[in-house]
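Which chain is which? The protein sequence lines are A and B, in order.
Heads up: the first sequence is residues 1 to 185, going by this note's numbering.
Heads up: the second sequence is residues 1 to 202, going by this note's numbering.
FYI, nobody ran anything at the bench for these hints, they're computed from the structure.
What you are looking at is a predicted structure, and each value in this text was computed from that prediction instead of being measured.
Zero decoy hints are in this set.
Covered by chain A, per the in silico footprint, the following chain B stretches (three or more residues, Cβ under 8 Å): (1) 27-33; (2) 104-113; (3) 182-193.
All C-beta atoms, glycine included, are put in the ideal place defined by N, C-alpha and C.
Each chain is listed here by its residues.
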Amino acid sequence: MVAEIAGQEQHGASLRAAFLRIYEQYAPALGRLAGAYAATREDREDLLQEIAAALWRALPDYRAEASERTWLYRIAHNVAITATMKQRRRAQQEVAPETPPDPPSAGAGAEQSLLAEEKRRILFAAIRSLPAVDRQITVLHLEGLSGAEIEAVTGIAEGAVATRLTRIRAKLRQAIRTQEAGDGR
Amino acid sequence: MADRDELNELWCGQSVGPPLKGEDMLAVAIERANRFDRTIRLRNWRECAGGVVVAAIFAFLAWQSPNALARGGHLLVAASGVWITYYLLRYGKEPKAPPPDRNLADFQRALLRKYDHQIRLLKNVKYWYLLPPYVGLLLASAGLIQAHTAKGQSAWPQLIAMAVYTAVFAFVWWLNETYAARKLQEKRARLLQEMNPSNGEA
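Throw the hints in and build the complete structure from the sequences for me.
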């Protein structure tokens with residue numbers, strides 16, 4: 001009995017250690033992912049917490065059949081999709097203002113920084129407007145996953161991913177150019 | 001796919017603000033996971049308790065009933081309480097939330113299955129949820145009317161009660177089969193639209 005409890009405690013401690021390691025390693029990527037799904041800071045934080053809860057629940061069943069990275073991205077995107085559907089329903093009732101991901105720092109190069117921030121805002125808004133599948137592919141690609149890894153996360157064949165990415169990237173560039181042209185007028 | 005261009009730079013240059021520290025996020029994650037488990041446990045407990053209360057009340061009424069028809073009706077309602085609880089526990093549970101570590105296509109299929117299951121349950125609510133207790137109540141009312149008229153008393157209170165519970169049952173029927181099912185169908189359609197914007201249907 002004592003050995004059983006000790007074993008459970010050890011198991012719990014190793015789960016906690018695994019969670020902390022994964023979270024510390026992927027927190028910035030998860031933050032960017034949240035930005036691709038939620039427009040307001042509040043929704044992004046809520047989404048990050050949902051993802052963390054799902055990660056905690058899924059951790060005991062992780063069997064290392066998939067790489068840790070693809071496993072984590074599957075969880076994060078699937079949670080994000082369901083959470084976004086709820087948030088969109090809520091947003092139809094109350095229109096929340098978009099919160100920029102982070103204010104640019106002032107000082108030298110502040111103008112450059114502002115410009116980049118504006119482009120970034122447009123990019124994230126454009127990504128958020130994509131259908132879920134395209135959004136997922138885009139985020140994974142921008143996070144540097146290979147075609148094979150994206151296939152492992154989405155279940156969409158590598159070739160189809162490449163085709164979609166070509167179209168999506170053109171669309172995103174176009175969104176930024178259009179906005180720049182609009183601002184330049 | 002490997003070209004690092006403006007989009008990648010913009011994406012990776014994003015600072016996402018100060019996220020929670022690991023230990024704090026772990027505490028939040030555990031709390032959220034526990035809250036979810038508590039909600040499920042509470043819902044199961046409520047369903048069982050509701051069934052037991054209905055069964056107990058109508059069993060008592062059956063014992064007090066003036067004739068066999070009313071007794072049979074009350075017993076049927078009591079049995080319905082048990083039946084509905086059983087049905088909810090056995091079939092009423094939505095398929096388990098799809099494990100989030102599936103790939104997108106599998107996850108979508110599992111979500112759709114979950115919606116379809118819930119819609120089917122709502123569409124059949126008249127058979128497994130409403131009909132058994134309603135028939136029981138009708139029989140009980142008929143028995144009570146019979147008993148009252150035999151004593152020369154007015155049947156109006158029973159007739160009014162019949163009208164009231166018929167209206168309530170009709171409302172519950174509409175609420176489940178029309179309103180709630182339609183809401184779920186809309187959610188299902190939104191999911192399909194999100195996942196397959198070009199197809200519209202899976």
